[in-house]
Amino acid sequence: MYLGRIVGRLWATMKNENLTGQRLLVVQPVTPELEDKGKCIVCTDWTGAGAGEVVYWSRAREASYAFFPEEVVTDATIVGIVDSLHVKRT
Amino acid sequence: MILARVVGTVVATRKDPRLEGKKLLVLKPVSPEGKDESGYVVAVDTVGAGFRETVLAVAGSSARMAEGCKDKPVDTAIVGIVDTVSMDQKR
Chain A
2 MYLGRIVGRL WATMKNENLT GQRLLVVQPV TPELEDKGKC IVCTDWTGAG AGEVVYWSRA
62 REASYAFFPE EVVTDATIVG IVDSLHVKRT
Chain B
210 MILARVVGTV VATRKDPRLE GKKLLVLKPV SPEGKDESGY VVAVDTVGAG FRETVLAVAG
270 SSARMAEGCK DKPVDTAIVG IVDTVSMDQK R
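Going down the list, the protein sequences come from chains A and B. With the numbering used here, you'll find the first sequence wraps up at 91, consecutive numbering, no jumps. With the numbering used here, you'll find the second sequence wraps up at 300, consecutive numbering, no jumps.
The set of hints was computed from the structure by calculation and includes no laboratory data.
Some chain B residues judged to face chain A by a derived CB distance under 8 Å, without partners named:
#	residue
1	M210
2	S240
3	T255
4	V256
5	L265
6	V267
7	A268
8	S270
9	S271
10	A275
11	E276
12	V288
13	V291
14	S295
15	M296
16	D297
Looking from chain A toward chain B, a few residues come up when the C-beta cut is under 10 Å (computed):
#	residue
17	I7
18	K40
19	C44
20	A52
21	V74
22	A77
Just so it is clear, CB atoms sit at the ideal spot from N, CA and C, and this is done for glycine as well.
The following block holds chain A by itself, in its conformation from the complex (with noise of 0.2 Å):
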């Protein structure tokens, strides 16, 4: 799974049938130090994250089970809310 922190949010009213009720966000990777790193992404939420939080999510067709039974089309979820990270470099 990878860090991230939200920083936008998507509205699509034309999407396919079982995204609809699903919240787009838009998710900055980071590193362990909450710098930025790579390109923005657009992530399903399980969660329920709000703006600037730190989360950590899952990529490509394990990103869907999080839904699990429900089948919804996504290669990002949110799956978790980080409360403290701690990064000991020695």
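The hints should help you fit chain B onto chain A, whose structure is shown.
Using the frame of chain A, we list chain B on its own:
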């Protein structure tokens, strides 16, 4: 998922029969602010996206969960047409 802009179409008569009847569009990945990013992607269109529209594309094996792509050789599918993207100010 990625944000992308429709920049072209692909027409292929000789192709895997399971792709028949599928619209193939050429996408240019873009940033949420609309700036072009590198690379191009060919994606199956499942929502009727038009030229130059900003769309939402899903990649990998999840793309086969898009409408009408079950058991088809598809690894990128357009699953939504973006209305608005609102970004936090402090970025």
